[in-house]
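K.L.:
Residue numbers (the numbering used here), protein chains in the order written: chain A, 1 to 357; chain B, 1 to 492; chain C, 1 to 316.
These are computed hints drawn from the structure, not numbers from a lab.
A few of these clues could be false.
[Unchecked claim] DSS-like mimics (lysine-lysine), calculated; alpha carbons at most 25 angstroms apart, straight line: (1) A:Lys-131 - C:Lys-52; (2) A:Lys-130 - C:Lys-221; (3) B:Lys-255 - C:Lys-52; (4) C:Lys-228 - B:Lys-96; (5) B:Lys-65 - B:Lys-96; (6) B:Lys-268 - B:Lys-96; (7) C:Lys-221 - A:Lys-117; (8) B:Lys-96 - C:Lys-244; (9) A:Lys-105 - C:Lys-52; (10) A:Lys-131 - C:Lys-221.
Letter by letter, the chains look like this.
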Amino acid sequence: MASITLQKLVKKFGETVTAVAGVDLDVSDGEFMVVVGPSGCGKTTTLNMISGFEEPTSGTMLIGDRVVNHLEPGDRGLGMVFQDLALFPHMTVFENIAFGLRVDKTADTEVKERVSKVATTMKISHLLTKKPAQCSGGEAQRVALARTIITEPQVLLMDEPLSSLDAKLRIEMRTELKRLHEELKSTFVYVTHDQAEAMTMADRIMVMESGYVQQIDTPLGIYRKPTNQFVGTFFGQPTMNIIPGRIENSGSSNFVSEQFELGIAPDSVPGSALGKDINLGVRSENVTIGDEGASGEVRLIEPLGDETLVFFSCGNEDFLVAKVDAEREFSPGDNIRFSFQPGGMHFFDAESGGRLE
Amino acid sequence: MKRIFLATMILMGITIFVASTAMAAMMVHPGKTVEERAINGAKAYIKKHNLKNPTQTMLLISLFKNSQPKYLREWKKLTGVTMKTIQYGYTDIPAKIMAEAVAKTGQYDVINHFPYVIPDAVGAGTLQPLDAYMAKGKPDFTGIDSGLLAQQTYKGKTYWFILDGDHIALFLRSDIMKAAAKDYKAKFGKEPGCPDTMAEWEQMAKYFHTKKGETRWGMKFDQPLYGAQAYRSINFSYRHFPAYMGGLLFDKNMKPTINSPNGIRAIKEFTSIVKYMPPDVQGWGTPQLYPHWGSGRAFSFMSFPSAMGYANRNPKSKISGKQLACPVPAVKGASGKMVRRAPQAAGTGYMVNSHGKHPELAYYFIQWFTGPTKGDEAIADPAGFWDPMRASNLTNKAVLDKHTEPFVKMTMKNAKNAISLLMIEGNYEYFNVLDKNMAQVMQGNISAAQAAKNVEKGWNRITDDIGRKEQIAAWRASVASGAYIDKFAPTN
Amino acid sequence: MAQATIKERKSLSAWLSQEKVFRLIPFIMVEATFLLLLAVPFILTIYISLLKWRANRPFEQAYFHGLLNYVRVLTTEDFWWALGRTFYFAGTAVLLELLFGFLLAMLAYRQFRGRRIYITIFLVPMMVVPVVGGYNFSMIYIDSGPLNQILSPITEAMGINPRIRWLSHPIAAQWAIILADVWQWTSLTFLIFLSGFAALPQQLTNAARVLGANRWQIFWKIHFPLLKPAIMIAVIIRSMEALKLFDLSVLLTFGGPGTSTETIAFFLWRQVWQFNKYSFGAAASILLLFMFGALIFYGIYLLVRERSIVEEESMR
Ligand SMILES: Nc1ncnc2c1ncn2[C@@H]1O[C@H](COP(=O)(O)OP(=O)(O)OP(=O)(O)O)[C@@H](O)[C@H]1O
Ligand SMILES: [Mg+2]
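Please construct the entire structure, taking both the sequences and the accompanying hints into account.
P.N.:
So, in structure tokens, the structure goes:
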């Protein structure tokens, strides 16, 4: 059993910096948990507390049923892959991989056996005699993984392990990691600030900002029901359209913003959103360009291949964006009409940013 | 015809004689005393060369930085010559002199140092022979003993004027000898006093050597009493060793005499007394030896003569008034006779830089300052370190006041036996070879016989390196000058 | 023909306009200064070393002497003794400086209260002018002085006479010099190692920790190998200096007692400035230059080899 439980975990640096402000998290055995958030939000700090490099200011951490607050990193039964890989530069790849066994004084023959096995799994058998400096980025990445998994840790912590790779390799490695996760069946906690990475890999995602947990949910749950405007805008490409305005209910519902007025289906509007200042969030794929709705002017076209992003303005210079079929052709200056799909609208409190339901 | 010629010749002869004596008389500067002639000589020189505010510089041993300026101010008042000083420790000055030989800056006019820098400095051409100036200034060296006087000359010319009778002497603790007199007499058949021989000194050292805590002669010793102390470190051993040789260090042909029964005896005597000395003595120079002597922890001290004044006047001294000054004891020298030899272990004097602008003017200063009147004044100066050296010191009240009568009497007696250190080129290197080997013997690493062999070999090597012919000439000249008192054995 | 000249001129002006020539000027100046500063004295020294010249004779009387001075140096027993002694001093002192510097740096590189003060204190000896340091030590080493007082409980317990004659016993004096050097220069090795420790990537330590290595293993398997370049730098810098050991043996013992603290620098000083053997000294210093030079280049070779491994990694 290698679940991870964090209870009210707080980390302060000195008096003023609160890096992590009370995190509660349950990662179940074998789960692939991704921690995501903008730079400086406390992801690494959280991970460092789990691994034992940082001592929490308050709160409890359990791995399985064991409180691990005061255990040495090496005694927590976990493995870690570092952002900069942290391969030992003075050792060969073989010795790097073998390190976890060597410090346990494992017999030489067993070391050889297990290293060659892991090396085969990670497809790096040909590198064993080289020094890390002689490996390419992707190879080094695999070496780092091999070094981590050779001790068969129950929990695998990864802090932005792919950030040093180029785009193509990164995507390849994503699949690789998923495969590894399937094979090892251990619990993964994976830190990234790349929302796409989080979406594609995670069983569940924890979103953090400024040390606070914003939302913990499955990728789809987070995409579809962001708990606040921050989460809503953090996920999805292009970024969700946010339009400040009000819902006026005089018979039928009307969304009134500075730029335009748009009638919307009353049943898609939550009661709590009525009559107050809200931010309406609509993802580009939920914006329909057609014959009805408010009018706007096409300003920019961004073809993606199978789809096209249409940036248009209405009333002022804040562009809205819609994702349309690639077949449909627009050019800048075209006058269009647009509306929002009923299920695709998110209502956020203008003041708190919280989701209104 | 013949008579006329003869008469003319006689007449001419008379004329020439009269003229030449008159001229000679004219060439000597006027003045009754050495000092007056020096002052007049300086004034005449300034006038003749039309010098305005003449300024000269002296390379001064820093030990004299407090006592010298007074006399420089006086010189300026008398002659208008400003004499500035540049001061260095005495170990640094030889290198400065040699650097001057290469650079020829004329930066210094007067050089103050010990006589044994003379050979190298003359070889390098840095020192001005003074004989021509002496003819004009007529200095007076009466009352200075021959061993000291001979140091002023090198290869027949004069380069240095002495002002310091710095030959080694032996000091004993009169208070302890008084207390032990009966006991000592019972044992040795005579009362303790100045030892006649080095062997006797060692015997006394052994007898008086007392461990800490012992009670002897009715005295309780809270601190150890070492039987003896003396200079036994590198850079100092060589200044004392000739007292033990009791004869010349080389024969007529520069063959070292040390590797001989007499040389080996000298080495043995020089080193064996060390067992009654403080164990640190091999690392000690004056800054350690003088305070140790003053602290009352030694019975006897062979030293520069200033040790006595130091121990009498230093407020921390525990032995003020408790010292007996003795001449250097005798050894059975090469000749088989008992001889006393008191090496002039340091002894400051004054020289003239040949590269200076006005060497003659510089000369008048040293004639003035080392002359019988001024010189004795300096020797009596409480702030100075010039030691008695002239017969007149025996009757000079100020000198007797400073140095005490028994001491002056002793040191003047001792001066009769005063000898120069080696006055040939490369002497420092010869000295070092000797010092190193003495250290080896004292550390028990080699025997006296081995040391004698090593020194002989080392000295020959140096002689060959410098040039045997030149060295032989210089050595013979210095022996002839009486610098070592001893002369070559006639059989040689 | 005319055309060719035009072409030439054109290319010349092109070349000039590229300013290559001007760009070279600073290098030419740097190299010229370098040559003047290094080569001229060097060549002069070689020249002098081939002469027969003692300063007690005018330079005008110097004459060529071939390699005889070199032969003289190599056959002078004291030269070899002094050299051996110097290696003994330098070796022992540098070893101790490395050891102490390393231990101190190991203690000081972690964060703790008052760390800065400690570090500043450790650095003080290095800033003391050697002459002052030597003078202080000559007081400390007096046989009734503070060092023996402090040591007396230990020495008495061991049955040694507590008045160790630091400056006048041949062997104690050697140690007095070694210890004074160690006191003065441990600061430097400490500083080098401190920056070495500070430059150790924290992530590597963390990686080892998470893999279950204990402190000792982390030190031996990770920190120590990574500190090798720092160690080599410390060894080279300190050895270069220690082989020139001079101040202390002049100030504390003047080479004594006997010759037990006469270092090669002291030997040379004496040959040149006391014995006036300029050309002998020149030959000896050229020989030493080559001996020490070979040693140091070998050291630098080792260093560069060691360095490249680490540097490649950090470049990646
Ligand atoms: N040792 C420390 N001392 C002081 N403040 C720290 C320390 N470590 C982190 N912080 C602060 O804590 C906050 C969270 O840092 P953390 O490294 O956890 O962020 P992160 O989410 O991992 O960011 P990134 O995506 O840039 O790696 C930041 O504001 C950071 O400046
Ligand atoms: Mg981070």
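K.L.:
Each of the hints needs a verdict: does it hold here or not?
P.N.:
Tested hints:
Of the pairs offered as hints, the one joining Lys-131 (chain A) and Lys-52 (chain C) is violated, with about 58 angstroms between alpha carbons and a cut-off of 25 angstroms exceeded. Taking the CA atoms of Lys-130 (chain A) and Lys-221 (chain C), the gap is about 18 angstroms. The hint holds against a cut of 25 angstroms. About 23 angstroms separates the Cα atoms of Lys-255 (chain B) and Lys-52 (chain C), which keeps this hinted pair within 25 angstroms; it holds. With a C-alpha separation of about 46 angstroms, the suggested pair Lys-228 (chain C) and Lys-96 (chain B) falls outside the 25 angstroms cut-off, and the hint is violated.
With a C-alpha separation of about 18 angstroms, the suggested pair Lys-65 (chain B) and Lys-96 (chain B) falls inside the 25 angstroms cut-off, and the hint holds. A C-alpha spacing of about 36 angstroms is found between Lys-268 (chain B) and Lys-96 (chain B), which places the hinted pair above 25 angstroms, so the restraint is violated. As the CA atoms of Lys-221 (chain C) and Lys-117 (chain A) are separated by approximately 24 angstroms, the hinted pair is consistent with the 25 angstroms bound. This hinted pair checks out: Lys-96 (chain B) and Lys-244 (chain C) have alpha carbons roughly 23 angstroms apart, not beyond 25 angstroms.
With a C-alpha separation of about 68 angstroms, the suggested pairing of Lys-105 (chain A) with Lys-52 (chain C) is violated against the 25 angstroms cut-off. Restraint check for Lys-131 (chain A) and Lys-221 (chain C): satisfied, since their Cα atoms lie roughly 15 angstroms apart, inside the 25 angstroms limit.
Of the numbered hints stated above, those contradicted by the structure are hints 1, 4, 6, 9, listed in ascending order.
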